[in-house]
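Please take these sequences and the hints and turn them into a complete structure.
Protein sequences, first through last, are from chains A and B. Each residue of the first sequence is one higher than the last, beginning at 1 in our numbering. Each residue of the second sequence is one higher than the last, beginning at 1001 in our numbering.
In case anyone wonders, no lab produced these hints; they're calculated from the structure. By construction, the Cβ of each residue, glycine as well, lies at the ideal position given by its N, Cα and C atoms. Please note that a few of the clues may not be correct.
As the list claims (entries may be wrong) - If the Cβ cut is set under 10 Å, some of the chain A residues that face chain B in the computed set are:
#, residue
1, Glu-75
2, Ala-79
3, Ser-83
4, Ser-85
5, Ala-86
6, Val-87
7, Asp-88
8, Pro-98
Said to hold, decoys possible - Quick list of in silico lysine-lysine cross-link-like pairs, DSBU-like style, CA-CA up to 35 Å:
#, chain 1, residue 1, chain 2, residue 2
9, B, Lys-1203, A, Lys-58
10, A, Lys-58, B, Lys-1178
11, B, Lys-1111, A, Lys-69
12, B, Lys-1317, B, Lys-1488
What follows is each chain in one-letter form.
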Amino acid sequence: MIRSTRSADLLQPQTHWWHRLKVSTQKFAVALSVAAVASGFGYVFLTNHTAAEGFAIKSLEREIAQIQKDNQKLELQAADLRSLSAVDQTSVALGLVPTDSFDYVAPTSGAVAVR
Amino acid sequence: MALRQRGWKIDRVTGIVAFFGIFAALLGLRLLTLQVLQHGFYTALASDQHQLFEQLLPTRGQILVKDAQSSTGYYPLATNQTLHLLYAIPKRIKDPVATATALEHLVTLPKEDLLKRLNKSNDLYEPIQHNLTDEQQTAIADLKIEGLYFVDEPTRYYPERQYGGQLLGFVGYAGDEKAGRYGLEQYYNKELAGAQGFIKAQKDASGQLIATAAQAWQPAVDGSDLLLTIDRTIQYEACRQLDEAVQKHGADSGSVVIVQPKTGAVLAMCGAPDFNPNAYNEVADAKTFLNPSTQIPYEPGSVFKALTMAAALNEGKVTPETTYTDTGEVKIGSFTIKNSDSKAHGVQTMTQVLEESLNTGAIYAMNQIGAKTFAQYVKAFGFGQATNVDVAESEGNIAGPLTHKDIYATTGSFGQGLTVTPLQLAMAYASLSNGGHLMQPYIVEQVRRPDGTTIKTEPHEIRQVISAQTSATISAMLVNVVENGHGKRAGVPGYYVAGKTGTAQIPDPKTGKYLPELTIGTFAGYAPVEDPAFVMAVQLVKPRDVQFAESSAAPLFGSLAKFLMLYFHLPPTRATTL
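What follows is the structure, encoded as structure tokens:
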């Protein structure tokens, strides 16, 4: 036990500061490598994620543009159908005739709805 | 040997040094050329390759009218649609003949013209067809012909098509740029067009934007929408009936303008023949683009007598019962002016002057106030000056009456020797109907900016021309014209309608004399006279089947007045006698 302690003491000079520095540097290098690899993966993931988001945004933008285009077409179609010339043609086709006169009914006192 | 070897070494080193020296010098020279001497050229070249500059186009504002039936509450008289331009890059087309054959039935261009365009092998851009619809574009794209391309074209669209072209105008080319031409499109072009924006950025070799590079961006500002005072139902009906009347009477042209007398808001403004603004390029005569209600002045004829009479009444020089003796003619220097029927009517009241449309009576009324005062009233009623309506207009010409010479005042008293526009006439009649107030006409009720703010037009009174009393008196006299005089066919059963006919001679610019047979028929009036809902001026130019306005313009006025009474849901105010 004592021997071993002594031998440990004998080993003491070997754990010199530069040796510790060397070990630390190695550890740091390993840590740095791990961090670099992690960053690499992180970068790839983020890039991939951003690209995916970008594609999704572009796809939505295309969809919005298409919907706006369709909406514009529908509005034009509605305006065409509501144009008075179209209404006129339709009313003629339906056999409707223009109102020639109105009979205005004057209100009288005592008028009631019977039922 | 050693020396030789050494010498050789020295020569070899010198040579290598010299070689690299010369190489460095050449490199330096080249750098000097590229970076200093041709700096500008290469900067511009590089800039073209990596700089992006694009104009951002605004959306043109719409022209709207109110529409209670619509979910938005408005109906677009002018809106936008996206069509497509088909163009070719001829040098990329492998078989022009096959391409022309394939396109032949999909475009309007004849095959020969198509071939001519496709065979320009050195041409980098050859437009084939504008205004292709989505369906046409798809049909052509499905052919999958290399060298044919499309580009979107924002295009103006007018859903009502044939009615209102002269009022709306159209969007055409002014130089290289699209701009509003004629009508509201031109008058409000600045508001409708908006402002262009731009994007300035850097792009990489693949053409993608570099997000971190310097960028400049100014968004486009869309144009403002215009909300009109025009009632599209009245506009449609007025234009339709005007078209029918022009055709029925074989007239050259015609116009109808309908205004709210209390505010000056224009409810309808039609011209015939009109044009379809969607196909403005098919119009043969550019005069068709002019709005006859505001841009084509004419001698109005007897319709002006009501204004002469109103002036004399307002000055207290005559009353409806004032009499004079009609001898059938009046001599002014060497000129002799007769009644239209060339008859002498004897003793006549001022009311009868209007009923029978006597020229001598109008001259009598004018003479009571004098040429100078008459000219002042002509001006006060708004003639000879812009009404300031918000479309292009002519001022007309009242230079004759303004000279205060008897002959001009005399002819002016019955509406000859001066020119007015139908809108000026309608506004003057509006002042007869509304208590004497001359209102400024307006067509745009609101300008609605894209940021949601609005500019609203408020009714504007220009001046009071006649008193409320005179207004009531002349209105009653004009009701008599419709009840007993030449304006009977302008009447509507159950309502008091006020108005006056005018059958004006047309000066021949070649001879300087009036045309012997052709006339312009006008009817101006308002109803119901107790509380006028509208004032209307109807004009038919050179009707061929009838001579007088009582048979051309008056019936059209009557028909439209009847429609308006029903449309406004105005119950009758009197027993039906007509």
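Against the structure, the hints come out as follows:
1. Glu-75: Result: holds, 7 Å to nearest chain B Cβ.
2. Ala-79: With Cβ-Cβ at 4 Å, under 10 Å, it holds.
3. Ser-83: 5 Å, holds
4. Ser-85: Nearest chain B Cβ about 6 Å off; hint holds.
5. Ala-86: 9 Å, holds
6. Val-87: Because about 9 Å separates A/Val-87 from the closest Cβ in chain B, which is inside the 10 Å limit, the hint holds.
7. Asp-88: Cβ of A/Asp-88 sits 8 Å from chain B, so the hint holds.
8. Pro-98: 9 Å, holds
9. B/Lys-1203 - A/Lys-58: Holds, at roughly 18 Å.
10. A/Lys-58 - B/Lys-1178: OK: A/Lys-58 and B/Lys-1178 at ~31 Å, within 35 Å.
11. B/Lys-1111 - A/Lys-69: Cα-Cα ~32 Å, so holds.
12. B/Lys-1317 - B/Lys-1488: 28 Å, holds
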